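Protein chains in written order, with this note's numbering: chain C, 1 to 374; chain U, 375 to 779.
These are calculated hints, taken from the structure and not from any lab test. Treat the hints with care, since some could be wrong.
For lysine to aspartate or glutamate, the following EDC-like pairs were computed, each having C-alpha atoms within a straight-line distance of at most 20 angstroms [what the hints assert, rightly or not]:
{"id": "1", "chain 1": "C", "residue 1": "98", "chain 2": "U", "residue 2": "701"}
{"id": "2", "chain 1": "C", "residue 1": "98", "chain 2": "U", "residue 2": "725"}
{"id": "3", "chain 1": "U", "residue 1": "397", "chain 2": "U", "residue 2": "526"}
{"id": "4", "chain 1": "C", "residue 1": "98", "chain 2": "C", "residue 2": "87"}
Which residues of chain U face chain C? A partial, calculated answer using Cβ under 10 angstroms [to be verified]:
{"id": "5", "residue": "416"}
{"id": "6", "residue": "489"}
{"id": "7", "residue": "491"}
{"id": "8", "residue": "613"}
{"id": "9", "residue": "619"}
{"id": "10", "residue": "691"}
{"id": "11", "residue": "700"}
Stretch by stretch, here's where chain U covers chain C in the computed footprint (C-beta under 8 angstroms, at least three residues) [unchecked claim]:
{"id": "12", "region": "3 to 17"}
{"id": "13", "region": "35 to 45"}
{"id": "14", "region": "88 to 94"}
No experiment lies behind these values; they were computed from the predicted model shown. Just so it is clear, CB atoms sit at the ideal spot from N, CA and C, and this is done for glycine as well.
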Amino acid sequence: MATEVLADDRALREARRRRALAAMEAHDIDALLLGREANARYVAGAQRLWTAGSRPFGPGCVFVRATGAIHLVSTWDEGIPDDIPHEHLFGITWNPGKLLAWLTSIEGLDQAGRIGTDSLTPRFATLLSKFFPSADLVDAEPALEAARRIKTREEVDAIRASISVAETALEAARSELAPGVSERHLAAVFMEAMARQGVTTPAIQRVAWISSAPRGQGPDAARVAQCGDLVVLEAAVMAAGYSGEVGRTWPVGQNSVDVATKDLYGRADDLRRHLLDACRPGASCAGLLAAYEDGGHPLPPFPIASGLGLGFDVPVVTRQLPNTAAQERLEPGMALTVSAYVAGQDGRGILHKEAVLVTPDGPEVLTSAPYWST
Amino acid sequence: MTVAGTLAEVADLGRMQRDRWTKLQTAMVEQAVDALVLLGNSNVSYATGESWPLADPGQANVERPVAVVISEDDWPHLFTSFPEAAERDLGLPESHLHGPMYLEFDESAEAFGRVLSELVPEDGRIAIDELPGSLRRTCELFFWNSTPASADDVIGACKLVKTPDELRLLRTVLHMTEQAIAPVQAALVPGTRQTELTARFLRAAFELGAQANILDAIWQVMPARLADGPWTTHAGVACPLLTTERELRQGDVLWVDTGISYAGFASDFGRTWVVGTEPTARQQAQFRAWREILDAVLAVTRAGATGADLTGAARAASGGGQRPWMEHFYLGHGLGVESAEAPFIGTDLGDAYDERQVLAAGMVLVLEPLVWDEGAAGYRAEEVIAITDDGYIPLTDYPYDPYGD
Numbered sequence: 001m002a003t004e005v006l007a008d009d010r011a012l013r014e015a016r017r018r019r020a021l022a023a024m025e026a027h028d029i030d031a032l033l034l035g036r037e038a039n040a041r042y043v044a045g046a047q048r049l050w051t052a053g054s055r056p057f058g059p060g061c062v063f064v065r066a067t068g069a070i071h072l073v074s075t076w077d078e079g080i081p082d083d084i085p086h087e088h089l090f091g092i093t094w095n096p097g098k099l100l101a102w103l104t105s106i107e108g109l110d111q112a113g114r115i116g117t118d119s120l121t122p123r124f125a126t127l128l129s130k131f132f133p134s135a136d137l138v139d140a141e142p143a144l145e146a147a148r149r150i151k152t153r154e155e156v157d158a159i160r161a162s163i164s165v166a167e168t169a170l171e172a173a174r175s176e177l178a179p180g181v182s183e184r185h186l187a188a189v190f191m192e193a194m195a196r197q198g199v200t201t202p203a204i205q206r207v208a209w210i211s212s213a214p215r216g217q218g219p220d221a222a223r224v225a226q227c228g229d230l231v232v233l234e235a236a237v238m239a240a241g242y243s244g245e246v247g248r249t250w251p252v253g254q255n256s257v258d259v260a261t262k263d264l265y266g267r268a269d270d271l272r273r274h275l276l277d278a279c280r281p282g283a284s285c286a287g288l289l290a291a292y293e294d295g296g297h298p299l300p301p302f303p304i305a306s307g308l309g310l311g312f313d314v315p316v317v318t319r320q321l322p323n324t325a326a327q328e329r330l331e332p333g334m335a336l337t338v339s340a341y342v343a344g345q346d347g348r349g350i351l352h353k354e355a356v357l358v359t360p361d362g363p364e365v366l367t368s369a370p371y372w373s374t
Numbered sequence: 375m376t377v378a379g380t381l382a383e384v385a386d387l388g389r390m391q392r393d394r395w396t397k398l399q400t401a402m403v404e405q406a407v408d409a410l411v412l413l414g415n416s417n418v419s420y421a422t423g424e425s426w427p428l429a430d431p432g433q434a435n436v437e438r439p440v441a442v443v444i445s446e447d448d449w450p451h452l453f454t455s456f457p458e459a460a461e462r463d464l465g466l467p468e469s470h471l472h473g474p475m476y477l478e479f480d481e482s483a484e485a486f487g488r489v490l491s492e493l494v495p496e497d498g499r500i501a502i503d504e505l506p507g508s509l510r511r512t513c514e515l516f517f518w519n520s521t522p523a524s525a526d527d528v529i530g531a532c533k534l535v536k537t538p539d540e541l542r543l544l545r546t547v548l549h550m551t552e553q554a555i556a557p558v559q560a561a562l563v564p565g566t567r568q569t570e571l572t573a574r575f576l577r578a579a580f581e582l583g584a585q586a587n588i589l590d591a592i593w594q595v596m597p598a599r600l601a602d603g604p605w606t607t608h609a610g611v612a613c614p615l616l617t618t619e620r621e622l623r624q625g626d627v628l629w630v631d632t633g634i635s636y637a638g639f640a641s642d643f644g645r646t647w648v649v650g651t652e653p654t655a656r657q658q659a660q661f662r663a664w665r666e667i668l669d670a671v672l673a674v675t676r677a678g679a680t681g682a683d684l685t686g687a688a689r690a691a692s693g694g695g696q697r698p699w700m701e702h703f704y705l706g707h708g709l710g711v712e713s714a715e716a717p718f719i720g721t722d723l724g725d726a727y728d729e730r731q732v733l734a735a736g737m738v739l740v741l742e743p744l745v746w747d748e749g750a751a752g753y754r755a756e757e758v759i760a761i762t763d764d765g766y767i768p769l770t771d772y773p774y775d776p777y778g779d
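Using the sequences provided together with the hints, build the complete structure.
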């Protein structure tokens, strides 16, 4: 039980930093200026404040290859690893001039020929070009994706722990399923159960949706499940920085399940098994799209697979990215969630989402939440 | 006809988006921008009225709606996984609805570039809020030899002053937050863990209809003396520090800070609580000193006042040159589609910057002075107000218990 704000464990940090350094060498990047918390956490191992939603780029973490030193924006040292000394911390600032002055004072950064950023804004693109005139500003995401796509043993342990929290919270929400239950109540129960396990940060926050009701994303009036509805529960949490995800679909009022619903569950199970079969080392991610097409299942409007890790990990497999999927090969050490989604003619759908670790011997399913069965 | 700095009786989302659209189009003309390309969650929400349960920032980079605003157009373009829902809920015409873009990937970024090159007039000036690498590569192919303009300058000018519908929705999300926090405070007893407070808060907030938790809720146990807290770069107070499974003890002083979102608006809540006992006389004196600072700031707060007027009042009321707020933050910040947005008052941008911040009716401020009393921790709370022509109106009415009379 964590009663203190701790930096990530040394073994986890060192294994990740080795991978990050190797990727910098391979991509000929001399220094990283990172704005994305997932990347910053990957190289620094520091725990900083979680907020939801996308954030614009701002260089909050610097990693210089020549010195091996990490420099962080943090006003305090709580949650900061002991290998990042106080002199390498810079207090939160609202003043771009002060931030740039700090960056230019960092040893080795002014000598960097190629500086990688994990995104940019127009303002930082201009400022960084001005203050580092001799450096090429390059996209560091390909290097970071290459480093992060293969999980270290310590990372896999963290993902397993996160999945366990998600599954326990999913079960708490599932046990509330009954005619008259609202989507928001299920989300509320999920969030409470997550936090009671010591994890206070969700990865996605649309926890429950009644698959037969028209899809909306906005602040709908509380939507209520009726007997015969299928309710999708998507559980996703960030525990110690790592995402754990699982998805299950349950009918409301089990006595009312008809033949068509049973058939739909059968198809979902069939698709799920084909998707898992496609997670073999060496296989192309196109095989995941093919699992849908071969079974005659229309591809859903959301990704059918995405990497598990610190947030935004490759692969991302969706019908909009067929060429990307064809080029991406699965390798041992990759962890991903795979989504099997089937819909009936009445609009009711079933989503089963599994976490999979690709191993040399084939896919290892990390999720174990129960399915509905007759 | 609506009046700046007033709240609509009932929020009219259609009117809110029409008002925003007029402002966006005006600002684009003023800043000579022909097309706005918006990737940031809050910017997309502002331009389209779309709102959704916000995800972890990593996930939010991959699966996110994207908006494009063209000068002299009637509607924003929205790229989304759920165009039917956007057509139904936002009233956007089919011509302006597109499938989702995954702009982290070259394949999608190139497809986006092709669509954009049809939407944006040749030689049109584009402003954008974020430039992930794949989009930079694409846009070099399609458009720019130089860096595009900053879309944040356009959006920032528009969202500074809230319309009556926006103020109504802000009040709604602020009240939802207060309703969710009340049972948490009522159940605060020694032996409770910090994470249990989060569990109770999230349970209540989502039952009430919150769309998302936007900040890992803070229940920070304050040390009596700075030296008992973590090292800081400025030798001042470290806050906010993260929540753990730490068990709360009788007499602990908690600095509370939470926020949720609803209908695309962010809330912000801040108070100081004492665990399991009444505040001491010394702690009550801290609160009175805090209240005096807040009252002094409120006394000069009205349309036309500058940020420096507010910081000056706060300094004077705290009895000297001290800045009675967190050195790494501010005396006050705006609130709207983001949990901290302009205007920012009392930051390290300096006094000259604060002097240039002129308040206008309809702006929203979260005022967060603090009183630090070395040896006995201190008091901090957040007060949310909307600026009016002759003063302000409070947007919250949560009590300061257990402090005060």
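We went through each hint and held it up to the structure:
In summary, the hint linking residue 98/C to residue 701/U is supported, as the alpha carbons are separated by about 14 angstroms, within the 20 angstroms threshold. The suggested pairing of residue 98/C with residue 725/U holds, with an alpha-carbon distance near 15 angstroms, which does not exceed 20 angstroms. For the hint linking residue 397/U to residue 526/U, the alpha-carbon distance of about 14 angstroms falls within 20 angstroms, and the restraint holds. Between residue 98/C and residue 87/C the CA atoms are separated by roughly 16 angstroms; this keeps the pair inside 20 angstroms, and the hint holds.
Checking residue 416/U against chain C: minimum C-beta separation of about 7 angstroms stays under 10 angstroms; hint holds. For residue 489/U, the interface hint is violated, since its Cβ never comes within 10 angstroms of a Cβ in chain C; the closest pair sits about 12 angstroms apart. Given hint, residue 491/U at the interface with chain C, is violated; its Cβ is 18 angstroms from that chain's nearest Cβ, farther than 10 angstroms. Given the 10 angstroms rule on beta carbons, the hint for residue 613/U holds: about 9 angstroms separates it from the nearest Cβ of chain C.
For residue 619/U, the interface hint holds, since its Cβ comes within 10 angstroms of a Cβ in chain C; the closest pair sits about 5 angstroms apart. Checking residue 691/U against chain C: minimum C-beta separation of about 23 angstroms lies over 10 angstroms; hint violated. Because the beta carbon of residue 700/U sits about 9 angstroms from the nearest beta carbon in chain C, less than 10 angstroms, this interface hint is met. As drawn, the region 3 to 17 of chain C meets chain U at 3 residues by the rule of a beta-carbon pair under 8 angstroms; at three or more, the given contact holds.
With 3 residues bearing a CB less than 8 angstroms from a CB of chain U, the region 35 to 45 of chain C meets the requirement of three and the coverage assertion stands. Only residues whose beta carbon comes within less than 8 angstroms of a beta carbon in chain U count, and the region 88 to 94 of chain C has 6; three or more means the coverage holds.
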